[in-house]
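**Q** Protein sequence lines, in the order shown, are assigned to chains Y and W. According to our numbering, the stretch in the first sequence is residues 1 to 116, in order. According to our numbering, the stretch in the second sequence is residues 1001 to 1118, in order.
No lab work stands behind these hints, which were simulated from the structure alone. Watch out, some of these pointers could steer you wrong.
[Unchecked claim] Heads up, incomplete: computed chain W residues facing chain Y, CB under 8 Å, no partners named:
1) Glu1003
2) Phe1045
3) Tyr1050
4) Ser1055
5) Met1089
6) Phe1091
7) Asn1105
8) Glu1106
9) Gln1107
10) Phe1108
11) Phe1109
12) Pro1111
[Said to hold, decoys possible] Simulated pairs of lysine-lysine, DSS-like, Cα-Cα distance not exceeding 27 Å:
13) Lys108(Y) x Lys3(Y)
14) Lys1042(W) x Lys70(Y)
15) Lys1057(W) x Lys73(Y)
Ideal placement from N, C-alpha and C gives every residue a C-beta, glycine not left out.
Residues per chain are reported as follows:
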Amino acid sequence: AQKITQTQPGMFVQEKEAVTLDCTYDTSDQSYGLFWYKQPSSGEMIFLIYQGSYDEQNATEGRYSLNFQKARKSANLVISASQLGDSAMYFCAVEWSGGGADGLTFGKGTHLIIQP
Amino acid sequence: EPEVTQTPSHQVTQMGQEVILRCVPISNHLYFYWYRQILGQKVEFLVSFYNNEISEKSEIFDDQFSVERPDGSNFTLKIRSTKLEDSAMYFCASSVLAGGSSSYNEQFFGPGTRLTVL
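The shape of chain Y in the complex, shown without the other chains:
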């Protein structure tokens, strides 16, 4: 079965430092999409960044960038200059390209806490 692994259940980071959240996935598919979502304590799911498997350049959105290494099947999220408001759960997700709307497969998440 296709699987997503987030190896860091929790992380403590000092404010203003950069953060790297790990995500690896297991698939034999060539076409897929990688997503990162943020879930603050209020519970909503906030889309952060997307990377297509055929995109050659790493995706960036403001302070978020995705370190995509296709051969290693990893899609790490990098948050530059962390802020207190970045404290939340972060989920990596993959949409496999099975021909239909397969939905997203999520990892178990990383609980990020930014300390002042």
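Guided by the hints, dock chain W onto chain Y, whose structure is given.
**A** Quick look at chain W alone, frame taken from chain Y:
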């Protein structure tokens, strides 16, 4: 900015009762999804819907669940006879496209409905 809306935000029901969770996807989106998140766990895919029929469904989506798009705007999830283990946050999401290979696959999530089964 367009957004996915869900009602109610919180529903409490007795075991064995039927519940209907409602969602209004973003108007120009074509694919609709339901996910659930049991407290403290990861988000799990339930079902996707396209062109007025189910596109894909997970093992979780058994005969107790059904989805419907009764009109041009609403998308509903019905649980026929709720069980204690159905207690979770239910998220609706929508996207323009699906299939993984385009940024138009971005799924916009609603704020969720917290279902509590007593």
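**Q** Now, for every hint given, state plainly whether the structure supports it.
**A** Taking the hints in turn, this is what the structure says about them:
no.	hint	in the structure
1	Glu1003	violated (10 Å)
2	Phe1045	holds (3 Å)
3	Tyr1050	holds (5 Å)
4	Ser1055	holds (4 Å)
5	Met1089	holds (6 Å)
6	Phe1091	holds (6 Å)
7	Asn1105	holds (5 Å)
8	Glu1106	holds (6 Å)
9	Gln1107	holds (6 Å)
10	Phe1108	holds (7 Å)
11	Phe1109	holds (4 Å)
12	Pro1111	holds (5 Å)
13	Lys108(Y) x Lys3(Y)	holds (11 Å)
14	Lys1042(W) x Lys70(Y)	holds (24 Å)
15	Lys1057(W) x Lys73(Y)	holds (25 Å)
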